[in-house]
Amino acid sequence: MGRRIGARIVQAVVVLWVVATLAFILIHAAPGDPFGYDAPSVTPAVRAHWRHLYGYDRPLGTQYVLWLRNLARGDLGYSVSMHEPVRDALANALPRTLYLMGVAVVASFALGIGLALFQVRRLGTRRARWAGAVALFFYSLPDFWLALVLLLAFAYWWPILPAGYPVDMVMHGYMAPWPAFVDRLRHLVLPALTLTLLTTAAVARFQRQELLDVLPLDFVRTARAKGLDERAVIRRHVLRNALIPTITLFGLALPALLGGAVFVEKIYAWQGMGWLAISAIGMRDYPLVLAAVLVGTAMVVLGNLVADLAYVAADPRLRVG
Amino acid sequence: MAEPLLAIEDLRTYFYTAAGVARAVDGLSLAVAPGETVGVVGESGCGKSVSALSILRLVSPPGRIEPGSRILFEGRDLLALDERAMRAIRGRRIAMVFQEPMTALNPVFTVGDQVAEVARIHARASRAVAWKQAVAMLDRVGIPAPDERAREYPHQLSGGMRQRVMIAMALMMKPALLIADEPTTALDVTIQAQILELLAELQREYGMSVLLITHDLGVVAETASRVVVMYGGEAVEQAPVAALFAAPHHPYTRGLLAAMPRLGLLRERLQTIPGTVPAPTAWPDGCRFRDRCSSAWERCAAEHPPVYPIAPGHESRCHLAHEPARRDGPAAAGGRAVRA
Chain Z
0 MGRRIGARIV QAVVVLWVVA TLAFILIHAA PGDPFGYDAP SVTPAVRAHW RHLYGYDRPL
60 GTQYVLWLRN LARGDLGYSV SMHEPVRDAL ANALPRTLYL MGVAVVASFA LGIGLALFQV
120 RRLGTRRARW AGAVALFFYS LPDFWLALVL LLAFAYWWPI LPAGYPVDMV MHGYMAPWPA
180 FVDRLRHLVL PALTLTLLTT AAVARFQRQE LLDVLPLDFV RTARAKGLDE RAVIRRHVLR
240 NALIPTITLF GLALPALLGG AVFVEKIYAW QGMGWLAISA IGMRDYPLVL AAVLVGTAMV
300 VLGNLVADLA YVAADPRLRV G
Chain R
0 MAEPLLAIED LRTYFYTAAG VARAVDGLSL AVAPGETVGV VGESGCGKSV SALSILRLVS
60 PPGRIEPGSR ILFEGRDLLA LDERAMRAIR GRRIAMVFQE PMTALNPVFT VGDQVAEVAR
120 IHARASRAVA WKQAVAMLDR VGIPAPDERA REYPHQLSGG MRQRVMIAMA LMMKPALLIA
180 DEPTTALDVT IQAQILELLA ELQREYGMSV LLITHDLGVV AETASRVVVM YGGEAVEQAP
240 VAALFAAPHH PYTRGLLAAM PRLGLLRERL QTIPGTVPAP TAWPDGCRFR DRCSSAWERC
300 AAEHPPVYPI APGHESRCHL AHEPARRDGP AAAGGRAVRA
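Those protein sequence lines, which keep their order, are chains Z and R.
Using numbering that gives the first Met the number 0, read the first sequence as starting at 0 and increasing by one per residue.
Using numbering that gives the first Met the number 0, read the second sequence as starting at 0 and increasing by one per residue.
There's no promise every hint is true.
[Unchecked claim] Among the chain R residues that face chain Z by a calculated CB cut under 7 Å, a handful are:
{"hint": "1", "residue": "Leu57"}
{"hint": "2", "residue": "Arg86"}
{"hint": "3", "residue": "Arg92"}
{"hint": "4", "residue": "Glu99"}
{"hint": "5", "residue": "Thr102"}
{"hint": "6", "residue": "Pro106"}
{"hint": "7", "residue": "Val117"}
{"hint": "8", "residue": "Val128"}
{"hint": "9", "residue": "Lys131"}
{"hint": "10", "residue": "Ala135"}
{"hint": "11", "residue": "His154"}
[Claimed, not checked] Computed beta-carbon distance windows for the label pairs:
{"hint": "12", "chain 1": "Z", "residue 1": "Arg2", "chain 2": "R", "residue 2": "Glu204", "range": "49 to 55 Å"}
{"hint": "13", "chain 1": "R", "residue 1": "Glu151", "chain 2": "Z", "residue 2": "Trp157", "range": "55 to 61 Å"}
{"hint": "14", "chain 1": "R", "residue 1": "Glu151", "chain 2": "Z", "residue 2": "Ala71", "range": "45 to 51 Å"}
{"hint": "15", "chain 1": "Z", "residue 1": "Arg126", "chain 2": "R", "residue 2": "Leu80", "range": "24 to 30 Å"}
Since the hints were made in silico from the structure, they are not lab data.
All residues carry an ideal CB built from backbone N, CA and C; glycine is no exception.
Produce the entire structure from the sequences given, and follow the hints as far as they go.
Here is the structure:
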């Protein structure tokens, strides 16, 4: 087991390096650079000076080697667009994303699995069909569209919720602990709701199919023959088996925990990782883009590893010896 | 026969499929006395397994037990019970052992857990007590080192051990009736004999009745005291084991016996029954076996044979009971074969 994990870590480092290198090449191949923007005071001479100051005038190979060397030391570079070290920009954005995505992922898996159970228990009834239709409706919506519609509905037509930002940018610092907490929750509702509605539908559809695949298996009949009631049959014998493939889905959702949701964060001005990545790309902020890519890749690798370990824990047939 | 423990009367279980109504079980009647082992024999598709599932009311849609069917058990009609009362019977008064011990056990729970679950449901035993009982039961069905085995998962056990686990699970509450649906079909021949012996031994010990469903007349000969031969969803012949083997009446039973491989006759060609079981969506009118029967005549197409008494405890659904002279085929009787 230890050796397998060791091998996976080596593999992870290689994957990270390959992805980082590709990202480095791609972002430098894109037209423009961090000082490409137009402003009356930015003359070509000023631009050249800045480029020299930050080392962007050196040969690309040299920049790459320097970047890798600094990365190995844990130095992610300086973000020109944020006017702070990349490390600080990440330190601000990561907790916000983790908070939003954590709530959304947990809520959508809990609701999605619950909805699937409801549908399977009441198979063929009108209510189950309605639940399925509603899930399909949300499943087929684009995230940016749903975000905009919810924003329009609950922050403009019927303005009961704030339109953006993780907290009230002006007043939050002056609030007592309880109002500050409520303020945080109120800002969370719309972005979390958007993400939850979309993911719940996907989880429910997946989980429902998994439950339906397990339902006709022989051991379910055995469980009924023992005298278990249908509720216990589904909850204990069917769900426990049908949750195993869901681990993969959960593993796939993990990268989003730190990677963020680009459109939803952008629309709700939620300054998390997705928002940071989009603005970094727009500003050609090389070190910041690369850092965001690295974080995303690391989470994909980690999510896969966690999913594999969880598989072994959940399915005794995969345990060795 | 004394007051039967189980009496199935005119059981009809139909499946409403796109291809039509499949009458998997269509008018089955049989009885099992306390302490008796009854073998139910027939080819695949004759309705044996569906009958077994019908007794426990575990037929899932599109299958349905038709109104008018009766399954009397310990004096009550199981088909009239509500779901709650039925659950109290499943696993406690009537238990079932299935054919495939690999797929019939839940892969993600230890076998000890799965056996103990029965006591937890029906005896409301605590986790610890149920576990202890489960280990004792695993020991009783001949599983070595039951303490350790109980903590293992189904995939870690051999086929024979898994079937012993299934038997332990079935016998936890000392049921009055054990339904064994092809309990040895998936096992090696040597293991088969051990499992059959174990079942016979436990039956004597607990004094329970056993309904043994099999396609293997050899298994029936070794274990059952009475045999019910099923064809086309109904019982075509019922007799004590000795009588059935010595003097089979129904042409289908004779065909089955002739198709049995026997030691000492290795060089002889194995006989087969011509044709296949008709689809349950379209049983022929009259006798359901007539298309495959060498003795069939006009009456077999015209009239569904009733149950004819042959001897005490011996019944047959064949018009030959009425007109024995036609036994040797149309030529002997001066008639002609009727092929629908």
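Checked hints:
For leucine 57/R, the interface hint holds, the least distance from its beta-carbon to any beta-carbon of chain Z being 6 Å, beneath 7 Å. A least Cβ separation of about 5 Å between arginine 86/R and chain Z falls short of the 7 Å threshold, and the interface hint therefore holds. Given hint, arginine 92/R at the interface with chain Z, is violated; its Cβ is 9 Å from that chain's nearest Cβ, farther than 7 Å. For the restraint placing glutamate 99/R at the interface with chain Z, the shortest Cβ-Cβ distance is roughly 6 Å, inside the 7 Å limit, so the hint holds.
Using the Cβ-Cβ criterion of 7 Å, the hint placing threonine 102/R at the interface with chain Z is satisfied: the shortest such distance is roughly 4 Å. At about 6 Å, the closest approach between the beta carbon of proline 106/R and any beta carbon in chain Z falls short of 7 Å, and the interface hint on this residue holds. Because the smallest distance between the Cβ of valine 117/R and any Cβ of chain Z comes to about 5 Å, under 7 Å, the interface hint for this residue holds. For valine 128/R, the interface hint is violated, the least distance from its beta-carbon to any beta-carbon of chain Z being 17 Å, above 7 Å.
Restraint check, lysine 131/R versus chain Z: the minimum CB separation of about 18 Å is more than 7 Å; hint violated. Taking 7 Å as the C-beta contact cut-off toward chain Z, the hint placing alanine 135/R at the interface is violated, the least distance being around 18 Å. A cut of 7 Å between beta carbons decides the hint on histidine 154/R: the least distance to chain Z is about 5 Å, and the hint holds. At roughly 51 Å, the beta-carbon separation of arginine 2/Z and glutamate 204/R lies within the given 49 to 55 Å, and the hint holds.
Judged by the Cβ atoms, the range 55 to 61 Å given for glutamate 151/R and tryptophan 157/Z holds: they are separated by roughly 59 Å. Checking the proposed 45 to 51 Å range against glutamate 151/R and alanine 71/Z shows it holds: the Cβ atoms sit about 47 Å from each other. In this structure, arginine 126/Z and leucine 80/R meet the distance hint of 24 to 30 Å, their C-beta atoms being roughly 27 Å apart.
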